[in-house]
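Asker: Sequence:
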Amino acid sequence: MGKTTIGAKHGPIGFSDSQKAPGFFDLRRVPSHTLRAASRWLLREARFVFLHASAMKPAPFKYIAATSLAHALALKAEHGDEAKFLAGGQSLMPAMNFRLARPAILIDINEIEDLAGIGSSGAATRIGPLTRYRALQRDAAFARAFPLIAEALPHIAHPQIRNRGTIGGNLSHADPASELPAVALALRARFRVQTAKQERWIEAPDFFVGALTTDLGPDEMLVEIELPPAKPRTGSCFMEIARRRGDFAIAGVAAMVKLGDKGECSDVRLAFCGVGETPVDAGAAAGGLIGHTPTEAAIRDVAASVQAMIDPGGNVHATADYQRHIAGVLTERALQTAYQRGRDGH
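Here the sequence shown is numbered in the numbering used here, starting from 3 and rising by one per residue.
If you're looking for bench data, these hints aren't it; they were derived computationally from the structure.
Values in this document were obtained by computation on a predicted structure and should not be read as measured data.
Note that CB positions come from ideal geometry on N, CA and C, so glycine has one too.
Please note that the accuracy of each hint is not assured.
Derived lysine to aspartate or glutamate pairs resembling EDC-like cross-links, with alpha carbons at most 20 Å apart [as the list claims (entries may be wrong)]:
hint, residue 1, residue 2
1, Lys233, Asp269
2, Lys233, Glu201
3, Lys233, Asp208
4, Lys233, Glu153
5, Lys199, Glu80
6, Lys264, Asp346
7, Lys64, Glu113
8, Lys199, Asp346
9, Lys59, Glu80
10, Lys264, Asp249
11, Lys199, Glu84
12, Lys199, Asp217
13, Lys233, Asp346
14, Lys264, Glu298
For each label pair, taking beta carbons as the anchor points, the in silico distance ranges come out as [said to hold, decoys possible]:
hint, residue 1, residue 2, range
15, Tyr324, Gly289, 52 to 62 Å
16, Glu115, Lys64, 45 to 55 Å
17, Asp303, Ala61, 50 to 60 Å
18, Tyr324, Lys264, 32 to 42 Å
Please build the complete structure, drawing on both the sequences and the hints.
Answerer: Next comes the structure, spelled out in structure tokens:
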């Protein structure tokens with residue numbers, strides 16, 4: 003099954019082989035890691051993108067407002083990678099203005115009411131992909147059930163973005179520095195994706211396959227996020243370090259610690275954003291805590307294991323060494339906080 007990236011068939015900057023801009027160099031000769039770094043740099047430097055994108059215009063495209071999920075999926079089946087779904091538009095539209103993305107067709111799914119809202123399926127909680135960040139922030143019952151998400155949401159961009167941006171758009175965009183993909187890993191979320199003919203479920207670790215790349219096929223849409231029920235005696239914590247409030251994280255961590263009857267750790271989960279090509283599941287680094295009451299020394303050992311496990315690439319905001327250092331510091335703080343919250347029943 004093909005992978006979905008921000009550039010679709012047109013490549014990271016949007017020109018197909020027959021549509022090279024005058025004087026534009028051949029992208030096929032540029033190493034893939036260089037293109038990924040360039041794309042991430044442009045997307046991360048918000049000041050650069052938004053100050054200059056205002057003077058840019060997207061390439062010509064056709065706009066279609068889907069009237070139902072079936073209609074949207076039929077359009078995607080017909081046009082494949084040439085079409086993009088428009089939800090909140092908080093990542094797609096700047097990319098189009100800067101011509102990092104050049105879809106021929108925009109399929110607006112905002113009027114499909116079935117794709118928004120919070121519900122339940124048995125013991126699991128279901129979130130529609132069109133649910134806005136702000137809707138989750140305002141839902142007190144949801145915040146009590148999933149405090150890890152509630153703690154991560156204020157770190158996402160700025161209030162204006164959270165008013166419009168969608169959960170499904172964030173996850174499908176798959177920026178490795180974004181908060182929600184790491185939270186999805188820690189929560190063991192899974193995603194229901196659908197085409198005009200069939201559907202399938204994807205576990206969170208299998209959904210994120212590269213920088214700005216998911217396992218979604220060219221005719222698939224993310225139609226549901228499923229969260230397993232929270233377990234008792236579980237504490238969680240989300241922390242990140244960024245240059246400024248609302249910036250992408252230099253490094254961030256989502257931690258969950260479940261306690262046994264005697265206060266020992268029975269399950270420990272760690273997931274990071276900003277330190278790899280995808281969100282990083284680092285739960286294996288905490289294996290030594292299972293069955294034990296965590297000591298400061300044991301938690302420091304986990305932090306050291308995390309630092310050895312991750313492979314941050316560095317960026318305009320921080321060197322790889324600094325990202326690795328921050329990841330270790332956040333590991334210690336988040337594990338201590340999550341354990342304390344689990345012990346106190348928070």
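Asker: Next, verify each hint and record whether it holds.
Answerer: Do the hints match the structure? See the list:
1. Only pairs whose Cα atoms come within 20 Å are accepted, and Lys233 paired with Asp269 is accepted, the gap being roughly 11 Å.
2. The straight-line distance between the Cα atoms of Lys233 and Glu201 is roughly 28 Å, outside the 20 Å bound, and the hint therefore fails.
3. Between the alpha carbons of Lys233 and Asp208 the distance comes to roughly 23 Å, so the proposed pair goes past 20 Å and is violated.
4. As the CA atoms of Lys233 and Glu153 are separated by approximately 18 Å, the hinted pair is consistent with the 20 Å bound.
5. Between Lys199 and Glu80 the CA atoms are separated by roughly 12 Å; this keeps the pair inside 20 Å, and the hint holds.
6. With a CA separation close to 13 Å, the supplied pair Lys264 and Asp346 stays within the 20 Å bound.
7. A distance of roughly 17 Å separates the Cα atoms of Lys64 and Glu113; the hinted pair therefore holds under the 20 Å criterion.
8. Distance check on the hinted pair: Lys199 and Asp346 sit about 48 Å apart at the alpha-carbon level, beyond 20 Å; violated.
9. Restraint check: the Cα-Cα separation between Lys59 and Glu80 comes to about 26 Å, which exceeds 20 Å; the hinted pair is violated.
10. Our distance criterion of 20 Å between C-alpha atoms is broken by Lys264 and Asp249, whose separation comes to about 40 Å.
11. A threshold of 20 Å between alpha carbons decides the hint, and for Lys199 with Glu84 the separation of about 19 Å falls inside it, so the pair holds.
12. Under the criterion of a C-alpha separation no larger than 20 Å, the hint pairing Lys199 with Asp217 is consistent with the structure, at around 17 Å.
13. Proposed proximity of Lys233 and Asp346 is supported: the alpha carbons are some 14 Å apart, at most 20 Å.
14. A C-alpha spacing of about 18 Å is found between Lys264 and Glu298, which places the hinted pair at or below 20 Å, so the restraint holds.
15. About 27 Å separates the C-beta atoms of Tyr324 and Gly289, a value inconsistent with the hinted range of 52 to 62 Å.
16. Roughly 24 Å separates the CB atoms of Glu115 and Lys64, a value that falls outside the hinted 45 to 55 Å.
17. Between Asp303 and Ala61 the CB atoms are about 52 Å apart, so this pair conforms to the stated range of 50 to 60 Å.
18. Taking 32 to 42 Å as the suggested C-beta distance range, the pair Tyr324 and Lys264 conforms, at roughly 39 Å.
In terms of the numbered hints stated before, the structure departs from hints 2, 3, 8, 9, 10, 15, 16, listed from lowest to highest.
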